[in-house]
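2 protein chains.
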Amino acid sequence: MSTAISEKYQDLLSWDKRAFANLALSLKDGTPHVTPLWFDYDGEYVILNSARGRVKDKAMRRSGLVAMAISDPKNPYRYIQIRGRVVEITEEGAREMIDHLSMKYTGGPYDGYGGEIRVTYKFVPDLISCMG
Amino acid sequence: MSTAISEKYQDLLSWDKRAFANLALSLKDGTPHVTPLWFDYDGEYVILNSARGRVKDKAMRRSGLVAMAISDPKNPYRYIQIRGRVVEITEEGAREMIDHLSMKYTGGPYDGYGGEIRVTYKFVPDLISCMG
Numbered sequence: 618m619s620t621a622i623s624e625k626y627q628d629l630l631s632w633d634k635r636a637f638a639n640l641a642l643s644l645k646d647g648t649p650h651v652t653p654l655w656f657d658y659d660g661e662y663v664i665l666n667s668a669r670g671r672v673k674d675k676a677m678r679r680s681g682l683v684a685m686a687i688s689d690p691k692n693p694y695r696y697i698q699i700r701g702r703v704v705e706i707t708e709e710g711a712r713e714m715i716d717h718l719s720m721k722y723t724g725g726p727y728d729g730y731g732g733e734i735r736v737t738y739k740f741v742p743d744l745i746s747c748m749g
Numbered sequence: 618m619s620t621a622i623s624e625k626y627q628d629l630l631s632w633d634k635r636a637f638a639n640l641a642l643s644l645k646d647g648t649p650h651v652t653p654l655w656f657d658y659d660g661e662y663v664i665l666n667s668a669r670g671r672v673k674d675k676a677m678r679r680s681g682l683v684a685m686a687i688s689d690p691k692n693p694y695r696y697i698q699i700r701g702r703v704v705e706i707t708e709e710g711a712r713e714m715i716d717h718l719s720m721k722y723t724g725g726p727y728d729g730y731g732g733e734i735r736v737t738y739k740f741v742p743d744l745i746s747c748m749g
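Chains as they are written, first to last, in my numbering: chain A, 618 to 749; chain B, 618 to 749.
Just so you know, these hints were derived from the structure itself, not from any lab.
Identical chains share a label here; the pair holds if one copy fits it or two copies do between them.
Taking lysine-lysine pairs in the PhoX-like style, the calculated list, with each CA pair at most 25 Å apart, reads: (1) Lys673 x Lys634; (2) Lys675 x Lys645; (3) Lys673 x Lys645; (4) Lys634 x Lys739; (5) Lys721 x Lys691; (6) Lys691 x Lys634; (7) Lys739 x Lys645; (8) Lys721 x Lys673; (9) Lys739 x Lys675.
Keep in mind that this is a model prediction, so the values were computed, not measured.
Here chain A stands alone, though its shape is the one from the complex:
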């Protein structure tokens, strides 16, 4: 366990790698929840984006505790787990942020709007564990 992301694993968080995060959250009754999703990392914060009212949104607003596993798309035995606490939740610029994430993963703007209110979450990597 560490609180710094070793250089050896920074590629997993890079724009070019386009690796998905598997985001784990604990629901109100303690039930774990996990879904793959897009993320970005700006060197300080991990940035996530969801929509108001979703399970992820509610769980991050309630406890703020998050864990995510990022596996190398070319080698599933190589991964990093990052744990932390959400320090910023905002709807400001959140539509632009999902377009930004979409550029990373699809090369184009996000095409999934359906009247949803997008939300951006930022957390600082806290506990890091690596494998492979």
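With the hints as your guide, set chain B onto chain A.
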């Protein structure tokens, strides 16, 4: 949400697909935890294997609540999330079980024994959600 695994997604649980599960657990203080790992599904139970004393082992013994996301290795936008409660924890046959899982993923027996005591966990898929 459903409690049955739709035929459309059963391939993600198959022996041939060799998809990893991202297993999410809630730790004692509510912190989420997530790691990729091997699994098997016998049509009734999801079968996991870890070692005595590990974070995963402790969390599954404590609450028994698990969630796992399984993504299609060829299409990260296609995945299934399975939630449930561990109903069986046993050390009996657990070394054989990790060899069995290793056969699925590597084609050979497990080569990672280091004096560890292997443990097998079984849970029934309870809540299912699918995407893609």
